[in-house]
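There are 2 protein chains.
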Amino acid sequence: MYVIGERINGMFRSVARAIRERNADAIADLARRQVEAGAHVLDLNTGPTGEDPAGIMTWLVSVVQDAVDVPLCIDSPRPAVVAAGLKACRRPAIINSTTGAREKLDALLPLAAEHGAGIIALTIDERGIPRNAEARAEIALAILAATMEAGIPPERLYLDPIVLPVNAAQAQCKEALAAIGAFRHLCDPPPHIIVGLSNVSQGAPNRSLINRTYLAMCLAVGLDTAILDPLDEELMAVLRAANMLLDKEIYAEGLLG
Amino acid sequence: MYVIGERINGMFRSVARAIRERNADAIADLARRQVEAGAHVLDLNTGPTGEDPAGIMTWLVSVVQDAVDVPLCIDSPRPAVVAAGLKACRRPAIINSTTGAREKLDALLPLAAEHGAGIIALTIDERGIPRNAEARAEIALAILAATMEAGIPPERLYLDPIVLPVNAAQAQCKEALAAIGAFRHLCDPPPHIIVGLSNVSQGAPNRSLINRTYLAMCLAVGLDTAILDPLDEELMAVLRAANMLLDKEIYAEGLLG
Chain A
1 MYVIGERING MFRSVARAIR ERNADAIADL ARRQVEAGAH VLDLNTGPTG
51 EDPAGIMTWL VSVVQDAVDV PLCIDSPRPA VVAAGLKACR RPAIINSTTG
101 AREKLDALLP LAAEHGAGII ALTIDERGIP RNAEARAEIA LAILAATMEA
151 GIPPERLYLD PIVLPVNAAQ AQCKEALAAI GAFRHLCDPP PHIIVGLSNV
201 SQGAPNRSLI NRTYLAMCLA VGLDTAILDP LDEELMAVLR AANMLLDKEI
251 YAEGLLG
Chain B
258 MYVIGERING MFRSVARAIR ERNADAIADL ARRQVEAGAH VLDLNTGPTG
308 EDPAGIMTWL VSVVQDAVDV PLCIDSPRPA VVAAGLKACR RPAIINSTTG
358 AREKLDALLP LAAEHGAGII ALTIDERGIP RNAEARAEIA LAILAATMEA
408 GIPPERLYLD PIVLPVNAAQ AQCKEALAAI GAFRHLCDPP PHIIVGLSNV
458 SQGAPNRSLI NRTYLAMCLA VGLDTAILDP LDEELMAVLR AANMLLDKEI
508 YAEGLLG
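Just so you know, the protein sequences line up as chains A and B, in that order.
For the first sequence, the residue numbers in my numbering are 1 to 257.
For the second sequence, the residue numbers in my numbering are 258 to 514.
FYI, nobody ran anything at the bench for these hints, they're computed from the structure.
Don't take each hint at face value.
Derived DSSO-like pairs (lysine-lysine); straight-line CA-CA distance at most 27 Å [claimed, not checked]:
no. : chain 1 : residue 1 : chain 2 : residue 2
1   : B       : Lys344    : B       : Lys361
2   : B       : Lys344    : A       : Lys174
3   : B       : Lys505    : A       : Lys174
Please model the entire structure based on the sequences and the hints provided.
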């Protein structure tokens with residue numbers, strides 16, 4: 001499983017402050033700690049900044065690239081910010097994210113093609129969040145067709161079934177699981193399948209328990225990438241155990257803490 | 258999910274002693290604690306006794322029935338012991354277990370039919386443990402046919418894909434997961450699907466972590482029953498979280514500890 005570390009995000013208060021103060025050490029430290037904890041990629045999100053979000057994204061990329069040698073995931077709702085981030089990246093990055101909406105695809109697929117980037121695609125479109133697995137798979141198929149048309153092969157596409165909070169949209173959790181199973185059969189080899197794991201526990205107590213239980217469940221049905229908090233040790237222990245149970249990592253007692 | 262409590266088993270030293278000393282209080286206490294912790298059924302296994310295993314099974318059934326009001330699972334490799342246990346049960350029990358081997362089926366299916374009992378069936382046969390999911394499904398189908406012929410409907414059959422220890426047969430863990438997915442499509446409505454969960458961590462450190470991770474994974478692909486340790490609080494927390502994530506239990510903060 002491919003782990004994308006979620007912690008460099010301006011939605012976290014401490015990160016917002018570090019960004020405001022251009023505190024490169026604090027950002028670099030968070031980058032290093034996530035990579036040491038097992039992140040293969042780091043997500044960068046400026047959060048709601050005042051001025052110059054593109055400049056801030058460029059700064060984040062540069063600080064993190066100087067600290068760690070992993071690919072980056074450029075996370076912004078604004079194509080201009082994504083473009084600035086991609087331009088600053090020394091190695092191919094991942095765009096976070098498009099949806100199945102035409103306007104988004106038209107803005108972001110050319111960027112992904114131009115920079116050789118991967119792209120995360122949320123399976124929603126102009127009609128909003130689909131209410132079941134079938135509707136998600138339908139949008140996924142349209143996204144797959146659009147990316148291939150844009151010259152982006154399935155191995156650079158990360159389909160996201162949209163995980164919603166269990167305390168607000170309980171029935172959607174199993175629909176997202178079923179969608180993961182369906183996405184695996186869209187083409188051969190299949191695209192990557194990704195979730196933003198922490199969404200499932202948004203607003204709930206016992207967030208880590210919910211996150212790690214859902215992670216094991218998603219892995220069982222075919223998830224291969226997740227944006228998550230690699231600093232959550234219990235979560236990472238479940239991830240290693242699940243990888244062993246799926247025979248994707250060689251069993252070793254020492255890896256289970 | 259249907260939880261079968263595994264703790265009244267003579268393989269545990271303290272239970273073996275309680276059986277030897279005919280200590281009804283110790284057995285009754287273990288029965289009550291498991292039911293309070295969430296067990297819906299209790300497994301009874303005399304372990305390797307010296308004399309009169311049928312008499313001991315009868316005693317166990319009577320002690321446990323006096324302590325708690327849940328169905329029992331009569332667990333013995335000997336048909337005569339199973340028969341004695343079933344005879345002592347006040348309400349329909351579950352037989353643990355047959356395999357797909359003709360001799361076992363011939364001995365146990367008539368007992369299940371006679372007593373209106375459920376029956377757990379391990380998907381192995383004369384050829385031993387199958388090496389992949391397909392071979393498990395093939396045996397499952399033969400067992401399903403045999404049970405139906407014996408007048409036992411699918412809702413009284415509990416198919417077990419055979420869970421082996423991850424530290425000894427790592428690749429088999431994912432085969433068992435795939436088999437669970439396959440068993441769901443054998444007939445409609447499908448038979449129950451069960452695992453002996455603790456097997457997966459036999460001989461490993463971090464048993465609870467491995468058990469609870471595998472439980473979440475099995476539930477994601479369609480498991481509906483498990484023999485497990487209901488006194489493992491972290492395991493039961495994962496079970497409740499998974500049931501909520503599958504929309505099988507209404508989300509409630511208080512249930513997650």
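Next item on the list: May I ask which of the numbered hints given earlier this structure violates, with the numbers listed in increasing order?
Entry: 2
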